[in-house]
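Number of protein chains: 6
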Amino acid sequence: MTTVKAPENPEDDPRVKAVFDDIRAIRNTDFINNIWRYLAFDPALLEEVWRDVKGVMAEPSLLDPLTKEMIYIAVSIANACDYCVHSHTAAAKAKGMSDAQHAELLRLVSQAGRTNHLLNGMKIPVDPAFDTET
Amino acid sequence: MTTVKAPENPEDDPRVKAVFDDIRAIRNTDFINNIWRYLAFDPALLEEVWRDVKGVMAEPSLLDPLTKEMIYIAVSIANACDYCVHSHTAAAKAKGMSDAQHAELLRLVSQAGRTNHLLNGMKIPVDPAFDTET
Amino acid sequence: MTTVKAPENPEDDPRVKAVFDDIRAIRNTDFINNIWRYLAFDPALLEEVWRDVKGVMAEPSLLDPLTKEMIYIAVSIANACDYCVHSHTAAAKAKGMSDAQHAELLRLVSQAGRTNHLLNGMKIPVDPAFDTET
Amino acid sequence: MTTVKAPENPEDDPRVKAVFDDIRAIRNTDFINNIWRYLAFDPALLEEVWRDVKGVMAEPSLLDPLTKEMIYIAVSIANACDYCVHSHTAAAKAKGMSDAQHAELLRLVSQAGRTNHLLNGMKIPVDPAFDTET
Amino acid sequence: MTTVKAPENPEDDPRVKAVFDDIRAIRNTDFINNIWRYLAFDPALLEEVWRDVKGVMAEPSLLDPLTKEMIYIAVSIANACDYCVHSHTAAAKAKGMSDAQHAELLRLVSQAGRTNHLLNGMKIPVDPAFDTET
Amino acid sequence: MTTVKAPENPEDDPRVKAVFDDIRAIRNTDFINNIWRYLAFDPALLEEVWRDVKGVMAEPSLLDPLTKEMIYIAVSIANACDYCVHSHTAAAKAKGMSDAQHAELLRLVSQAGRTNHLLNGMKIPVDPAFDTET
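Chains as they are written, first to last, in the working numbering: chain A, -18 to 115; chain B, -18 to 115; chain C, -18 to 115; chain D, -18 to 115; chain E, -18 to 115; chain F, -18 to 115.
The hints are simulated quantities; they were obtained by calculation from the structure and are not laboratory data. These numbers come from a predicted model, not from an experiment. Among the clues, some could well be false.
[Said to hold, decoys possible] No more than 27 angstroms apart at the CA atoms, straight line, and that leaves these computed lysine-lysine pairs for DSS-like:
1) Lys(-14)/C / Lys76/F
2) Lys35/C / Lys35/D
3) Lys76/E / Lys(-14)/D
4) Lys(-14)/B / Lys76/C
5) Lys74/F / Lys(-14)/C
6) Lys74/A / Lys(-14)/E
7) Lys76/D / Lys(-14)/A
8) Lys(-14)/D / Lys74/E
9) Lys(-14)/B / Lys74/C
10) Lys35/E / Lys35/B
11) Lys74/D / Lys(-14)/A
12) Lys(-14)/E / Lys76/A
13) Lys76/A / Lys76/B
14) Lys76/B / Lys(-14)/F
15) Lys35/E / Lys76/E
16) Lys74/B / Lys76/F
17) Lys76/D / Lys76/F
Isolated chain A, as found in the complex (with noise of 0.2 angstroms):
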């Protein structure tokens, strides 16, 4: 069930193809999942996407490739992103993740989620001493 529809042959279209390969280039893989065999649809929303994707994942980087994927999970787990929470969870077990560190991950962001509940509830006063412009 979807609201696009994924391309037969994506590869026909020389926009796609450049961008598939540049995939397979950087992640010496030949598999493409499916955020980008279906944003092939349209070749122009392809290259936006996969462009700062890149550059967001890029090294050097100050963050490092874990915690960027870590990162990644934590904003989709807060947004219901299904397809995102897995994809980026297959990633960062790729990168190394175990599943001690998956389990403090799930704690923390559960826990953040908690107090995100909880202060939105209370409305309290923001600290000034937490203002950057004092």
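Got chain A sorted already, so can you dock chains B, C, D, E and F onto it with the hints?
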């Protein structure tokens, strides 16, 4: 503007005093920020929340302290929790997050927000390769 | 700071006056809070929203008035609606919610936020036993 | 897997039949989609929801029918409502949304999701020039 | 499709067995639903979550058991947590929620969602009368 | 109260000056609103965000400028982004949105919020007729 009232002399209650003493000892500072001062309106809730926040932030851990603050920020942004974004950004800076790292975190979280929306709109099937149980 | 402008003399419009009169009669008070004063910028929208809010809060009902305010608070917290959290917490207190009940509500809502995040991260199958149609 | 049970012969209830007849007449089709078939479990709720959905989609209106479907899709994506994204995307396509327009909508919604996360993380002051009441 | 793997013989681990025994005793049933079976992948996380879920659902309490399930459903709907909506709706029905009460809950939660969106769009000032500290 | 600090003389940095010049030229005004003044704390992030916002708002487009602002408002409301609701409502008004159109947008977005909550609570199956790939 708040929905709960901070007690005027919270440490008159020995349960509150015990939590505040623990906060001061663990953080090595006299500063008690507003979440704890307001949670003092219900000592049992204060104890529970402090126990759990202390637990997820405790060392040693499989995630380093700055990474944990960044993940906390990421969830708080996605949940639009004002107090939480401010308090954990301040905490991350206190633990050494530079402006450049902060920018990278914001870039990553906002790109995750973007692909979350994209995929929640496309509703494509999750790749079977991402299933942990197969 | 607001995106809509409250009319200066809203009751000059007879449709607005009729709604305000109904609010005063049902609530037995002269206090018209801001949602109604600002919605007066569009009398048709004001009428619709008041009709429906009055409907869900009407008695007799299968849920008691305080329970309904608490459920309203719970949804408003999860949706990060500032005005709604404030107005429904005030309404719940006016209907008798004690500080201890408020604390219990916050405990429950925040624990629900926690398990929501946990399960949105685990993405486990729903037990067939939970299906209403089987 | 569902939490409510669709009645087997919903139109045995005259209130349900009246709503279904109205849906068929207004949409000029015999197809009754699942939201209405399941809401039939409570005829009063069915009547209310249909009355209001019919109201916001009615013509003439200050927004054209396709724009309204696109706005509905945008909200449903941000709220992660599966059924809503599917049903309103199908409705938008039935009203003429091309694949290229769909791609542009997804681009826009996902960029909005990105800047929403960016600004919920930066927590900067709203420009006074944006205030409607000044 | 899941991101964590349920152990095949979870009760081989004595910490898991202790939790499962407690679940069976408190709920007076042999049925262990999936959240616990999957959380068994990390016994420490299982213990924490069970301790806290048991705590918020424990009796005596200032909120009755059915009200607590309804509030849990309300939060889970707003957070789009599939598993949570299913499990707590099933629990509420097991505690006596009728179809008519379920309809009233859905009416209330969806109207709250509506006014949440309305007010998040209007961004009006909170009435000073709602402030707990004045 | 903010988590990032706006540089005092942002245009001393030539990358910032180039973006600000482009904003002034495209919008034909000297007014640089806060998102850009604060993003100047990281010129690379400023460049990226401006490039993409300019891209989605560029003409010619398959969606007209006012429709795009309304969709931006819709997403921002659902995500509870204060700054975004204010800035895009102001932009929509500058592009001709009347008070009556604003009321209709708020009516539509809030009704969408309502049915989103209703369906996230009912969890009914998506009609096979809505599937793009069948």
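Hint by hint, here is what the structure shows:
1. Lys(-14)/C / Lys76/F: Holds, at roughly 18 angstroms.
2. Lys35/C / Lys35/D: Between Lys35/C and Lys35/D the Cα gap is close to 21 angstroms, so the pair holds against 27 angstroms.
3. Lys76/E / Lys(-14)/D: This hinted pair holds, its Cα atoms lying about 18 angstroms apart.
4. Lys(-14)/B / Lys76/C: Within the cut-off at roughly 18 angstroms; holds.
5. Lys74/F / Lys(-14)/C: Holds, at roughly 13 angstroms.
6. Lys74/A / Lys(-14)/E: holds (13 angstroms)
7. Lys76/D / Lys(-14)/A: holds (18 angstroms)
8. Lys(-14)/D / Lys74/E: holds (13 angstroms)
9. Lys(-14)/B / Lys74/C: Given pair Lys(-14)/B, Lys74/C holds - Cα atoms ~13 angstroms apart, limit 27 angstroms.
10. Lys35/E / Lys35/B: holds (21 angstroms)
11. Lys74/D / Lys(-14)/A: holds (13 angstroms)
12. Lys(-14)/E / Lys76/A: holds (18 angstroms)
13. Lys76/A / Lys76/B: Status holds; Cα separation ~25 angstroms.
14. Lys76/B / Lys(-14)/F: holds (18 angstroms)
15. Lys35/E / Lys76/E: Holds: Lys35/E and Lys76/E sit about 16 angstroms apart, inside 27 angstroms.
16. Lys74/B / Lys76/F: Distance ~40 angstroms between Lys74/B and Lys76/F Cα, so the pair is violated.
17. Lys76/D / Lys76/F: Holds: Lys76/D and Lys76/F sit about 25 angstroms apart, inside 27 angstroms.
Of the numbered hints listed earlier, the single one contradicted by the structure is hint 16.
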